[in-house]
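Spelled out from the first residue to the last, the chains are:
Protein chains: 2
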Amino acid sequence: MERHTGTGLLRKPDVTLPHRLARSAAATDGVATPNAVVAKWIEDRNLAHRHEVKRIEFGELRQWGFDAGSGNLRHESGRFFGVEGLAVDTDHGPVTHWSQPIINQPEIGILGILVKEIDGVLHCLMQAKSEPGNVNGVQVSPTVQATKSNYTRVHGGRPVPYLDHFRDPDPETVLADVLQSEQGSWFYRKRNRNMIVEAAEFAGEDDLPDDFRWLTLGQLHELLKQDNLVNMDARTVLSCMPAGLEGHEADAVSDLAAAVARSSAQPTGSLHTRTEVLSWITSRQAQHVVRTSPLPLGEVANWVRTPAEISHELGLFFSIIAVDITTNGREVAQWTQPLVRPHGAGVVALLVKRVDGVLHALLNARVEPGYLDVVELAPTVQCTPDNYVLTPAADRPPFLDMVLGRRDDQVLFSAQLSEEGGRFHHAYSDYQIIEVPADFPDAGLADFRWLTLNQLNELLRHSHYVNVQARSLIACLRGLR
Amino acid sequence: MERHTGTGLLRKPDVTLPHRLARSAAATDGVATPNAVVAKWIEDRNLAHRHEVKRIEFGELRQWGFDAGSGNLRHESGRFFGVEGLAVDTDHGPVTHWSQPIINQPEIGILGILVKEIDGVLHCLMQAKSEPGNVNGVQVSPTVQATKSNYTRVHGGRPVPYLDHFRDPDPETVLADVLQSEQGSWFYRKRNRNMIVEAAEFAGEDDLPDDFRWLTLGQLHELLKQDNLVNMDARTVLSCMPAGLEGHEADAVSDLAAAVARSSAQPTGSLHTRTEVLSWITSRQAQHVVRTSPLPLGEVANWVRTPAEISHELGLFFSIIAVDITTNGREVAQWTQPLVRPHGAGVVALLVKRVDGVLHALLNARVEPGYLDVVELAPTVQCTPDNYVLTPAADRPPFLDMVLGRRDDQVLFSAQLSEEGGRFHHAYSDYQIIEVPADFPDAGLADFRWLTLNQLNELLRHSHYVNVQARSLIACLRGLR
Numbered sequence: 001m002e003r004h005t006g007t008g009l010l011r012k013p014d015v016t017l018p019h020r021l022a023r024s025a026a027a028t029d030g031v032a033t034p035n036a037v038v039a040k041w042i043e044d045r046n047l048a049h050r051h052e053v054k055r056i057e058f059g060e061l062r063q064w065g066f067d068a069g070s071g072n073l074r075h076e077s078g079r080f081f082g083v084e085g086l087a088v089d090t091d092h093g094p095v096t097h098w099s100q101p102i103i104n105q106p107e108i109g110i111l112g113i114l115v116k117e118i119d120g121v122l123h124c125l126m127q128a129k130s131e132p133g134n135v136n137g138v139q140v141s142p143t144v145q146a147t148k149s150n151y152t153r154v155h156g157g158r159p160v161p162y163l164d165h166f167r168d169p170d171p172e173t174v175l176a177d178v179l180q181s182e183q184g185s186w187f188y189r190k191r192n193r194n195m196i197v198e199a200a201e202f203a204g205e206d207d208l209p210d211d212f213r214w215l216t217l218g219q220l221h222e223l224l225k226q227d228n229l230v231n232m233d234a235r236t237v238l239s240c241m242p243a244g245l246e247g248h249e250a251d252a253v254s255d256l257a258a259a260v261a262r263s264s265a266q267p268t269g270s271l272h273t274r275t276e277v278l279s280w281i282t283s284r285q286a287q288h289v290v291r292t293s294p295l296p297l298g299e300v301a302n303w304v305r306t307p308a309e310i311s312h313e314l315g316l317f318f319s320i321i322a323v324d325i326t327t328n329g330r331e332v333a334q335w336t337q338p339l340v341r342p343h344g345a346g347v348v349a350l351l352v353k354r355v356d357g358v359l360h361a362l363l364n365a366r367v368e369p370g371y372l373d374v375v376e377l378a379p380t381v382q383c384t385p386d387n388y389v390l391t392p393a394a395d396r397p398p399f400l401d402m403v404l405g406r407r408d409d410q411v412l413f414s415a416q417l418s419e420e421g422g423r424f425h426h427a428y429s430d431y432q433i434i435e436v437p438a439d440f441p442d443a444g445l446a447d448f449r450w451l452t453l454n455q456l457n458e459l460l461r462h463s464h465y466v467n468v469q470a471r472s473l474i475a476c477l478r479g480l481r
Numbered sequence: 482m483e484r485h486t487g488t489g490l491l492r493k494p495d496v497t498l499p500h501r502l503a504r505s506a507a508a509t510d511g512v513a514t515p516n517a518v519v520a521k522w523i524e525d526r527n528l529a530h531r532h533e534v535k536r537i538e539f540g541e542l543r544q545w546g547f548d549a550g551s552g553n554l555r556h557e558s559g560r561f562f563g564v565e566g567l568a569v570d571t572d573h574g575p576v577t578h579w580s581q582p583i584i585n586q587p588e589i590g591i592l593g594i595l596v597k598e599i600d601g602v603l604h605c606l607m608q609a610k611s612e613p614g615n616v617n618g619v620q621v622s623p624t625v626q627a628t629k630s631n632y633t634r635v636h637g638g639r640p641v642p643y644l645d646h647f648r649d650p651d652p653e654t655v656l657a658d659v660l661q662s663e664q665g666s667w668f669y670r671k672r673n674r675n676m677i678v679e680a681a682e683f684a685g686e687d688d689l690p691d692d693f694r695w696l697t698l699g700q701l702h703e704l705l706k707q708d709n710l711v712n713m714d715a716r717t718v719l720s721c722m723p724a725g726l727e728g729h730e731a732d733a734v735s736d737l738a739a740a741v742a743r744s745s746a747q748p749t750g751s752l753h754t755r756t757e758v759l760s761w762i763t764s765r766q767a768q769h770v771v772r773t774s775p776l777p778l779g780e781v782a783n784w785v786r787t788p789a790e791i792s793h794e795l796g797l798f799f800s801i802i803a804v805d806i807t808t809n810g811r812e813v814a815q816w817t818q819p820l821v822r823p824h825g826a827g828v829v830a831l832l833v834k835r836v837d838g839v840l841h842a843l844l845n846a847r848v849e850p851g852y853l854d855v856v857e858l859a860p861t862v863q864c865t866p867d868n869y870v871l872t873p874a875a876d877r878p879p880f881l882d883m884v885l886g887r888r889d890d891q892v893l894f895s896a897q898l899s900e901e902g903g904r905f906h907h908a909y910s911d912y913q914i915i916e917v918p919a920d921f922p923d924a925g926l927a928d929f930r931w932l933t934l935n936q937l938n939e940l941l942r943h944s945h946y947v948n949v950q951a952r953s954l955i956a957c958l959r960g961l962r
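First to last, the sequence lines map onto chains R and P. Heads up: the first sequence runs through residues 1 to 481, numbered per the working numbering. Heads up: the second sequence runs through residues 482 to 962, numbered per the working numbering.
Chain R on its own, in the form it takes in the complex:
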């Protein structure tokens, strides 16, 4: 029976892509831009982008102010973002009701990395970008990092370079395109569009702007190991890179690389089937009740506003502050804005183990008030230990004490990584990947499961499964060799 009409319209996934990604990940000294040139580039850019950031009082903010009725902190245009209040009721965790300030940024921005083959190796076009909240100068950032206010140029700045590649791309050139959440404790339902688009050729490639360089995936994996060098937006986009960059078991340069490669390969199997993983996530979403309702910032209980700061009366969590920025390298040379300043450095750790030679990571179905759908998968541990000094042992986060007491030989990855410097002031955490033995007791906790990279890569093709901290660590984990 011949039923096919055979017009050749049917298309299939590009089977060469995983190999091309693996080749880029193996090119750890780059092709277009050798590592020595990268180091010099970052040094140069740090000189070119000097930021002077000083704390000011709220009354000194220009174009920003507190709404007379609600006390919400907002830009006069109504764009960018606002600081509002949120009331939270939940059946999860030791504290079941609270209110807090939260950033409301309903516009969906674009975080985009443009990729291109150079001498047969895929490269990512990265930008050296400085943000007012950074602990250092520039960080390696995506090609494009633009809020809608940015790219519709509400602030009257210059056009965003390379934005056109992401506005209405040829569908066949898109490698990844997914809405992903950001910090659910600080943002109310914020999502950004994480995009990876391949460019064939485009004008001006020999005339790269000073802020942009072509780097391989292997180079980015190495840069991720340096403190505060690859920014949060770059990490989240990298985590959404299609599967394959982990390489093939047969090419592995170490036992660890082989365990990573096997973990990302579909046919190797896993502790839990895909259906079981999805059912577990559904059960957590259905199990936990989180009701949030917007609240005027002025009515948030237990938070105190002084002329220069809004902070919790116990000094915990974070503050809202105001800063004045003068820069020599951004679209707008001087401006003021509010920032969120976390109190205490965070600990963000992923426990991993090898099961029959296949790496599994222990994810936590975590409730945060700003998530769109109740829970997202977080690293094994994600907290600010300082916030728990008053907390009874039973209410301390599971596995925190294990992470704080880990042996050096268990550490597969460790770096201080920054959160987004456009919203957060000196926000960084110790990001770690810690290997535990295959028989590590995980106590059968209902909110924790061991997943493979293959399962995580699949979830990352969809919105709202994996939180931003876990995405950072997955980007690092995928690069371990």
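If you're looking for bench data, these hints aren't it; they were derived computationally from the structure. In this text, all values refer to a predicted model and were calculated from it rather than measured experimentally. Treat the hints with care, since some could be wrong.
Under the rule of at most 16 angstroms between Cα atoms (straight-line distance), these lysine to aspartate or glutamate pairs were calculated in the EDC-like manner [as the list claims (entries may be wrong)]: (1) P:Lys493 <-> R:Glu276; (2) P:Lys493 <-> R:Asp356; (3) P:Lys706 <-> P:Asp510; (4) P:Lys629 <-> R:Asp91; (5) R:Lys40 <-> R:Asp210; (6) P:Lys597 <-> P:Glu679; (7) R:Lys148 <-> R:Asp164; (8) P:Lys706 <-> P:Asp911; (9) R:Lys12 <-> P:Asp837; (10) R:Lys116 <-> R:Glu172; (11) P:Lys629 <-> P:Glu588; (12) R:Lys148 <-> R:Glu107; (13) R:Lys116 <-> R:Glu201; (14) R:Lys225 <-> R:Asp430; (15) R:Lys12 <-> P:Glu757; (16) R:Lys148 <-> P:Asp572; (17) P:Lys535 <-> P:Asp805; (18) P:Lys521 <-> P:Asp510.
So these bits of chain P aren't anywhere near chain R, every CB distance computed over 10 angstroms [stated by the list, open to error]: (19) Ala508; (20) His530; (21) His556; (22) Leu567; (23) Gly574; (24) Pro788; (25) Asp805; (26) Gln815; (27) Arg822; (28) Cys864; (29) Val870; (30) Leu885; (31) Gly886; (32) Arg887; (33) Gly925.
In this text, a Cβ means the ideal position worked out from N, Cα and C, and glycines have one as well.
Following the hints, complete the assembly by docking chain P onto the known chain R.
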């Protein structure tokens, strides 16, 4: 290099499942319950479950009333559901701002079908269930259809039969488990947990309650073709059945069956790759802005409340009414409740075409105010034509006139199907699957794409991609032979 420790902990998907599903779908006259017995069963159950439903005034509702402040209609327990107001601002469609009544039912219920092999053929345990809003008597319903209020027995009713199979199932017995939305024009962010669980054996199987019978997938596909017989909750759970029930091309009994089988098979290819489909959905979520905010029901503009009805001043859309129900066959013998009564019958149609012998369906990325995440994929046409009598031609839904003027020989499926009778009074639509030629002009509309069943089945493993009307038609489409 031998790195595997080989403890045998790694697990893989059950490759026999697709074959077991296909065998059940092929068993169109059942095994446990022949079709003649099914017909008699439904007849008997219709006699056993007599409902007397009469319209009453809101003032005659017991335990329900309008909140003095907000005017919201609610149950005195605060459970079940409430009728509230919603203000909507969007950049999508000809009307960019409106307010409307909407049902708020934040609790996540369970819609569960228990399946079991009988004589080597998978069967679904279906319930003959009557609901106050049904246009007829009983409809074929899932094994379990329970709100949290139901199964925590807020109304003091009897326990929900078979519920324990779904409360904390052995993960290996779960075939599907996913939160899915319901009507986004009538419900605010309602989701139910759609579950399919396989039972090995359990006590009492020779002693089935009168309301329950074991039916094959093939029998359910035949029942779907009858008007108002398989209820909405059964249809949505069936749509989440794992892939495979469409059968294999080699076993196809017709050209149509072969096109359906190929459409559900991964390796046949598709007009758009999976990455392109996901990117298209992301682009629609990012493109359309929908801002909703809760509003007291008393402040909804253009809607009028009389003693017996809340309705739009033009008589369009729907009304909120109150009913008194007396029944001889439900947990509680008499009660009163509000219902939503739609005005005019809906048209819900899916256009399909064969591309190189592979069936593709034309899905619409549709904005509804009650969706959690801006858009969900809807059938090609989903509307109440009566609502468009005053609408200029350019603003009429795309493809509506084509559907209304289709030839009989284009109709692959046509039945009147009901929405949920526990919330809606005589809500039904003409559900149709209409085949168009491969070169059918689809005008390149940005909100429409042709997808295969394989792609739709994949999306249905996740929440919030496919709306309830499309899920109904997909359940029907998967059964076409």
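Evaluated hints:
1. P:Lys493 <-> R:Glu276: holds, 11 angstroms
2. P:Lys493 <-> R:Asp356: Status holds; Cα separation ~13 angstroms.
3. P:Lys706 <-> P:Asp510: holds, 15 angstroms
4. P:Lys629 <-> R:Asp91: Holds, at roughly 15 angstroms.
5. R:Lys40 <-> R:Asp210: Since the Cα atoms of Lys40 of chain R and Asp210 of chain R sit roughly 12 angstroms apart, the hinted pair holds (cutoff 16 angstroms).
6. P:Lys597 <-> P:Glu679: Holds - the C-alpha atoms of Glu679 of chain P and Lys597 of chain P are around 6 angstroms apart, at most 16 angstroms.
7. R:Lys148 <-> R:Asp164: Satisfied, since the Cα-Cα distance of roughly 13 angstroms is no more than 16 angstroms.
8. P:Lys706 <-> P:Asp911: Satisfied, since the Cα-Cα distance of roughly 11 angstroms is no more than 16 angstroms.
9. R:Lys12 <-> P:Asp837: holds, 14 angstroms
10. R:Lys116 <-> R:Glu172: With Cα atoms ~14 angstroms apart, Lys116 of chain R and Glu172 of chain R stay inside 16 angstroms; holds.
11. P:Lys629 <-> P:Glu588: Between Lys629 of chain P and Glu588 of chain P the Cα gap is close to 6 angstroms, so the pair holds against 16 angstroms.
12. R:Lys148 <-> R:Glu107: holds, 6 angstroms
13. R:Lys116 <-> R:Glu201: Status holds; Cα separation ~8 angstroms.
14. R:Lys225 <-> R:Asp430: holds, 11 angstroms
15. R:Lys12 <-> P:Glu757: The given pair, whose Cα atoms are some 11 angstroms apart, holds under the 16 angstroms limit.
16. R:Lys148 <-> P:Asp572: holds, 15 angstroms
17. P:Lys535 <-> P:Asp805: holds, 5 angstroms
18. P:Lys521 <-> P:Asp510: holds, 14 angstroms
19. Ala508: Nearest chain R Cβ is 23 angstroms from Ala508 of chain P, so the label holds.
20. His530: holds, 29 angstroms
21. His556: Since the minimum Cβ distance to chain R is about 17 angstroms, His556 of chain P lies beyond 10 angstroms and the statement holds.
22. Leu567: holds, 14 angstroms
23. Gly574: Gly574 of chain P clear of chain R: closest Cβ-Cβ about 19 angstroms, beyond 10 angstroms.
24. Pro788: holds, 32 angstroms
25. Asp805: holds, 32 angstroms
26. Gln815: holds, 31 angstroms
27. Arg822: Arg822 of chain P clear of chain R: closest Cβ-Cβ about 29 angstroms, beyond 10 angstroms.
28. Cys864: Holds, because the least Cβ-Cβ distance between Cys864 of chain P and chain R comes to about 27 angstroms, which exceeds 10 angstroms.
29. Val870: holds, 35 angstroms
30. Leu885: holds, 29 angstroms
31. Gly886: holds, 26 angstroms
32. Arg887: holds, 22 angstroms
33. Gly925: holds, 12 angstroms
Consistency note: the structure conflicts with none of the earlier hints.
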